[in-house]
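Residue numbers (the numbering used here), protein chains in the order written: chain F, 1 to 372; chain H, 1001 to 1258.
Be aware that one or more of the hints could be misleading.
Derived, one-sided and incomplete: chain H residues facing chain F with beta-carbon distance under 8 Å [to be verified]:
{"#": "1", "residue": "Ala1175"}
{"#": "2", "residue": "Ala1180"}
{"#": "3", "residue": "Ala1200"}
{"#": "4", "residue": "Ser1230"}
Just so you have them, the derived chain H footprint on chain F, three or more residues with Cβ under 8 Å [claimed, not checked]:
{"#": "5", "stretch": "67-76"}
{"#": "6", "stretch": "228-242"}
{"#": "7", "stretch": "251-260"}
{"#": "8", "stretch": "335-343"}
It should be emphasised that the hints constitute simulated quantities derived from the structure, not laboratory data. Heads up, the beta-carbon is just placed ideally off N, CA and C, and yes, glycines get one too.
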Amino acid sequence: MKRRVFFLLLVIFFLSCKKDLPIIFGCIDQNALNYNSLATYNDGSCIFDTISPHQTTPYAIVSPSGFPNMPVPENNPMTIEGVALGKKLFHDPILSGDGTQSCSSCHLQSAAFSDTNRFSQGINGSFGDRNASTIINVGWNASNFWDGRAITLEDQAFGPVVNLIEMNNTWKNVENTLNSNAIYKDLFKKAFNIDDIDSTHVVKAITQFERTLISSNSKYDKYLRQEVQLTPSELNGYVIFNTEKGDCFHCHGTEMFMDNLFHNNGLDAEPFTDLGLAKVTGLPSDNGKFKTPTLRNIEFSFPYMHDGRFSTLEEVVEHYNSGLNYSSTVDPLMKKLNIGGLQLTNQEKQDLIAFLKALSDPDFIENPEFTP
Amino acid sequence: MKKTCLIILGCSLIFISCKKEKGCTDFAATNYNADAEEDDQSCRYNLSLNFTHTVDEEPLEIDQMIYANAAGQNYNVQTLRYLISDITLHTVNGNSFLLDEVHFITISDSSTFNLEIQDLNSAHYSSISFTMGLDSIKNITDLYLNESFFPSFAWPEIMGGGYHYMQLEGDFTTALQGYATHTGGTDGIDFSFNTNLPIAINIDNVNTTVIINMEINNWYDNPNTITLTSDGIMEDSNKQMQLKQNGMTDVFSVSVNQ
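So that you can see chain H by itself, here it is in the shape it has in the complex (with noise of 0.2 Å):
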């Protein structure tokens, strides 16, 4: 009996000492595993978030006078340095996940038009949102004091505080006039708007590519006809208003690599 006892026992612990350690099995995960047999759903991959700028759908060509808004001016395109946040990924049954609180994006530094987002849960998803901008909870002053963006994007006290969200300029009409299309949370007010576009991706391959595309033309148009002026509009709330729903009718669409 006893020995019976001691053979079941021995037989059991060999069974579980040896059982099929699981793990990733797909080698093109970040997390495979080489010594896992069984596949336990852990396998997390990478995903590129791209940021693109075109104009009339051309991609944009910087300091070149050869654009002309809705409101019939020429104007070029010297600076365009913008923040997006809150960049979310969505699932059909409403799962999210958040990508990156803050990210700063300059034509003038290439690398922030790509943002490399690791160990992403496996999934299928239908939609990605951000926000344009930055709402008011993190629209404070001095909360990003240590990010690329401060000091050059710092949004007067006197004016409201926090931060630009966007900064586009250039001239206007003729070399000898200036635009500059900034805006924020003027006198405090959250102009800042959230854009949820649908895409569809399965997680599961290693060149995943999401484009955000800013078509920048589309500021100055639609619903709102604006016209450039040399004079600021950081004080102008009803400018920024219309900034808004013209930024979140059309300028920003997304496409997806795969």
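Chain F on its own, in the form it takes in the complex (with noise of 0.2 Å):
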């Protein structure tokens, strides 16, 4: 009798609060074989994949001082196979129509990955309209292109294989003369596990080394870091281009020398010929308004503008210094515009451009790294 109550009791209790849950056995760890999204027991059935057929090394960005963490896309991780793999396609012309011509034809080491002729020229002879941007510290580029028409590189890495004025060539035809490359097989197999080659990879590993492609060992950083002094020239420079002065530190700020942002600086009178952001966004006020470049390694990087029309710096700062043309976008910062510019003396020119050169980072230009 006592027994009975007390498992009455014990039944009553059980029975008074179950809840509605139904058990189901099976695995319930996400990262097994056999993993049961129903389970809600675990049973200890869970059969793991121990032996990973593929695996890739990763490689580790280090962002130099002064520098946010490099935004690296989740479906494009940094592997030393995938950066390997896009160096070499980064300098083999096998990417253009009539493999002639490599991203390196037009993005030269020696001239910070940028082109010293004005326009580039493409594998049938003709010309662009923009200068070829600078490929430096671009993992941290909110935009691509002057006109900011990529948002990720890998957008941006897409465009001059189809090109018609640069590689001219169809995916379609870069992905048969890759996927009949028993090397580049080999390589894609090691860098992405894939047996089939598709742009999409083809893309991946070569922004991948783009974003290795970092400078920030000029004169200037070491100044930074006490290990050498500056010229009385540059620091004066340094004190034009960080003080209102100068104002050049509004658009070319911080150590990585660029806002991420567009503006117009007063290069032209309306109309214009090239309309810059304007031609993405649509809005007659971001009519002549072009992505702020880096000024790292400005020295290599000649000629200068999204047109390339100025060959010097010399040039280049008396555009800031007496040549502002007004238009209804110009920036407001471009100073004293209603009489051209800046008005610097001779002196506080030539220390401006002294410290622009301060910028440059022959390790950057000379790096082994980058070169196939």
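Assembling the complex is the task here: the two chains are given apart, and the hints tell you how they should meet.
Okay, structure coming up:
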């Protein structure tokens, strides 16, 4: 009797608060091969894949001092294998329609991965209408191309291969060519574990390589690390640059030497021959605005501006000093527009240029890691 | 005797195991608990903060040469970016709740006008305070490398380092003259200021919106009449102080939609 009462109470106790949770036995570990999403109770049946057939080595990006963390896309993690493949592709004319041009034909390392020609010549001999952009610290770019039409580097890299006046190829053709190449088949397998090479992975490899093109060892960087001194002229240029006297820093500020924004820097009066950002946004208020380039290695990346109109730094500084043109979208930061510009003395202009040349990083220009 | 004990023990077990579940019983709350039978004062609510901008009490129109400041100059506004920090709600009995540490607003991106605060305690709040810019603890070079206002808001080391508090730019008098009302910590001096404005809100509703308005024209008036020039003011600590004083007077106001 005692026992019966006790069991009765126990049963009531259990029944009184039961929830409607069916118990399903199975493997509840999501990493297991036999993961059962319906299972509520682990029955110890999980089977794991212990030998992974495909392994890559992570490539660690070290952000230089004063830089944000590099935003690497989740679907394109950096690997040693991917970077090596990207480097090979970047330098290989196999991507172009007639096998004569590579990315590096117009993005020369010696020119900070830009073109010393004002406009680059494509495979059919025709010319573009903008100066090839540098590829320096592009992993931190918020957008790409002078008009920002590609948000990600991956978007950017899809462009030149099929551009009629650049490589003039088709992605179908590129894929076929690469798929019939045993070396590339092997490299893509190693980097991405794929048997069939496609444009997406070509672009992923190239952009992985591009993200490694980091310049942070100029004389100015060494000065910040207190390893070298700047000359009095460079120091004076540094002051002009970083105060409102020259007011260069508002667009070319911080260790990145760019603001990731677009400006009309008073190059032309209206009407504009190149609308720049407005071509992408369609907004008249963006007419004549172009993406701020980094000034790192500016000594090597001549000619200057989106259309390469200036061949020397002297001409560039003189533009801001006395050559500003009014237009309805000109940036309010173009100082003293009504009198043509900054009105610096000759000595001040020379000092400013001396400082700009302290941003040159020979280790970047000559880095054997970047050459094939 | 033993039987009685067992029965009492059993009954108490039933009572303990089945006591009413406690939780938030308000359907409007973010943590509404459908199983809860007894409210335990744990309800949390959302709050919207809206940042608005006016000139002479009318909504700002970008790039229109239609405004006149106290010094009698015509001007337009092409760029307005600023940082608001330590946004805090206060209750009558002295409790305070930090809503956001640093918020960046730019008129070129309307998504920055809005800040959604989640899971706020149900309470009666009597004031809201915030800092215009960054105080000297926050205004440190490279402290906000990964925020959206880097690199464009950096304030060069040579002028004191840290970040701009505000970039207000446009043309004045004629289209040929640009002005740049840039405020920040000139030479490392802290020109940020804290504003504490009274509000009366009961957070017990899903649709509470607190509106913080910047009256742009008041930056240039009261108590200091400021004349726009094309010279930079980032190294002008007198101008920075004048702007701070004007800012504290009546640039910001707060209203509530509930």
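Here's how the hints hold up against the structure:
The criterion of a C-beta within 8 Å of any C-beta in chain F is met by H/Ala1175, whose closest approach is roughly 7 Å, and the hint holds. The beta carbon of H/Ala1180 is positioned within 8 Å of a beta carbon in chain F (closest approach about 6 Å), and the interface hint is therefore held. For H/Ala1200, the interface hint is violated, since its Cβ never comes within 8 Å of a Cβ in chain F; the closest pair sits about 40 Å apart. Look at H/Ser1230: its Cβ gets to within about 6 Å of chain F, closer than 8 Å, so that hint holds up.
Check result for the stretch 67-76 of chain F against chain H: holds, 3 residues qualifying (beta carbon to beta carbon below 8 Å, three or more required). Counting residues of the stretch 228-242 of chain F whose CB falls under 8 Å from any CB of chain H gives 3; the rule of at least 3 is met. Counting residues of the stretch 251-260 of chain F whose CB lies closer than 8 Å to any CB of chain H gives 6, which reaches the minimum of 3, so the coverage claim holds. Given a C-beta distance limit of less than 8 Å, the hint that chain H covers the stretch 335-343 of chain F holds, as 4 residues qualify and 3 suffice.
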